[in-house]
Amino acid sequence: AQKVTQAQTEISVVEKEDVTLDCVYETRDTTYYLFWYKQPPSGELVFLIRRNSFDEQNEISGRYSWNFQKSTSSFNFTITASQVVDSAVYFCALSEARGDYKLSFGAGTTVTVRA
Amino acid sequence: DTEVTQTPKHLVMGMTNKKSLKCEQHMGHRAMYWYKQKAKKPPELMFVYSYEKLSINESVPSRFSPECPNSSLLNLHLHALQPEDSALYLCASNQLGANEQFFGPGTRLTVL
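As given, the protein sequences belong to chains W and Y, one line each in that order. Position 52 (the first sequence) corresponds to 52 in this note's numbering; numbering is contiguous. Position 77 (the second sequence) corresponds to 77 in this note's numbering; numbering is contiguous.
If you are wondering where the hints come from, they were derived from the structure by calculation, not from laboratory data. Note that the Cβ used here is the ideal one computed from N, Cα and C, for glycine as well. Don't take every hint at face value.
[To be verified] Pairwise CB distance ranges (calculated):
no.: 1; chain 1: W; residue 1: S74; chain 2: Y; residue 2: H77; range: 22 to 30 angstroms
no.: 2; chain 1: Y; residue 1: K38; chain 2: W; residue 2: K70; range: 47 to 55 angstroms
no.: 3; chain 1: Y; residue 1: A39; chain 2: W; residue 2: D18; range: 42 to 50 angstroms
no.: 4; chain 1: Y; residue 1: E44; chain 2: W; residue 2: S74; range: 22 to 30 angstroms
no.: 5; chain 1: W; residue 1: V14; chain 2: Y; residue 2: E58; range: 23 to 31 angstroms
no.: 6; chain 1: W; residue 1: T31; chain 2: Y; residue 2: E67; range: 44 to 52 angstroms
no.: 7; chain 1: W; residue 1: V14; chain 2: Y; residue 2: N57; range: 41 to 49 angstroms
no.: 8; chain 1: W; residue 1: P40; chain 2: Y; residue 2: E84; range: 23 to 31 angstroms
no.: 9; chain 1: W; residue 1: P41; chain 2: Y; residue 2: L54; range: 18 to 26 angstroms
no.: 10; chain 1: Y; residue 1: H77; chain 2: W; residue 2: E15; range: 20 to 28 angstroms
no.: 11; chain 1: Y; residue 1: E44; chain 2: W; residue 2: V46; range: 32 to 40 angstroms
no.: 12; chain 1: W; residue 1: T30; chain 2: Y; residue 2: K53; range: 40 to 48 angstroms
no.: 13; chain 1: W; residue 1: A115; chain 2: Y; residue 2: L54; range: 24 to 32 angstroms
no.: 14; chain 1: W; residue 1: A7; chain 2: Y; residue 2: R108; range: 42 to 50 angstroms
[Claimed, not checked] Examples of chain W residues lying across from chain Y (beta carbon under 7 angstroms, computed):
no.: 15; residue: E26
no.: 16; residue: R50
no.: 17; residue: A81
no.: 18; residue: Y101
no.: 19; residue: G108
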């Protein structure tokens, strides 16, 4: 069975602060995919990143960066110099690499960035 | 075209009504998904269509009936819903091999 844990329910920061969202996962598969999605108040889930289980290279995209550590089964997400537009619910998700590629979502972390 | 569209955006219905939700994508994706999302919860998978065939039904009550008329369209027919079915209904698609699911904006359903 696959499981994703996002221990932080809510995080509140002041603009320009950095914020790190934790994600820990469990799976018996050797090949799998990890994702982060952003859900702003409008409701649409926006795809941010996909990481394959065999690729532990960290990634940076603008103010966003991701740290994948297979040894600790973690896939953490950092927003640098946060902005009000970053306020949203962020979901970490895990997918099997077969069949219909079902997504298992974490509970989500609500990030509020105050001006 | 890299988007998934859903109609209507909002829907209010009574418990005896019959209505349908519609989802469309023109990315050539061969898998399409319906999710239900309650407030402050993650999306819950309801159905998966793979190559236009229903491949997963996550024990969803029969008052929800999915339909995939072609590779670009996905419908969710609603009948005799309960107030607890009020939620955001999200549609998604993916290319299977490429793996990330692309989500539509959702339909906010209220059952009175």
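Worksheet item: Does the hinted range 42 to 50 angstroms hold for Y/A39 and W/D18 at CB?
Response: The hint (42 to 50 angstroms, Cβ to Cβ) is violated, given that Y/A39 and W/D18 are roughly 28 angstroms apart.
Fill in: Restraint satisfaction for W/E26 [CB to CB of chain Y, less than 7 angstroms]
violated, 16 angstroms
Worksheet item: Does the Cβ pair W/A7, Y/R108 satisfy 42 to 50 angstroms?
Response: violated, 29 angstroms
Discussion item. Please check whether W/R50 passes as an interface residue: C-beta within 7 angstroms of a C-beta belonging to chain Y.
Written reply: holds, 5 angstroms
Discussion item. Taking the Cβ atom of W/V14 and the Cβ atom of Y/N57, is their distance within the range 41 to 49 angstroms?
Written reply: Hint holds: Cβ distance 46 angstroms, inside 41 to 49 angstroms.
Item to complete: Evaluate the given range 44 to 52 angstroms for the C-beta pair formed by W/T31 and Y/E67.
Response: violated, 33 angstroms
Worksheet item: Hey, does the W/Y101 contact hint survive, CB to chain Y under 7 angstroms?
Response: holds, 6 angstroms
Item to complete: Can you let me know if the beta-carbon spacing of Y/E44 and W/V46 is within 32 to 40 angstroms?
Response: violated, 19 angstroms
Discussion item. Within 22 to 30 angstroms: is that where the Cβ-Cβ distance between W/S74 and Y/H77 falls?
Written reply: With a Cβ separation near 41 angstroms, W/S74 and Y/H77 fall outside 22 to 30 angstroms, so the hint is violated.
Worksheet item: Are W/P41 and Y/L54 spaced within 18 to 26 angstroms by their CB atoms?
Response: At roughly 32 angstroms between Cβ atoms, Y/L54 and W/P41 fall outside 18 to 26 angstroms, so the hint is violated.
Item to complete: Take the C-beta atom of Y/E44 and the C-beta atom of W/S74, compute their distance, and say whether it sits inside 22 to 30 angstroms.
Response: Between Y/E44 and W/S74, where Cβ atoms are some 24 angstroms apart, the hint holds.
Practice prompt. May I ask you to test the interface hint for W/G108 with respect to chain Y, counting a Cβ-Cβ separation under 7 angstroms as satisfied?
Written response: holds, 5 angstroms
Checked against the numbered hints above, the structure violates hints 1, 2, 3, 5, 6, 9, 10, 11, 12, 13, 14, 15 and 17; every other hint is satisfied.
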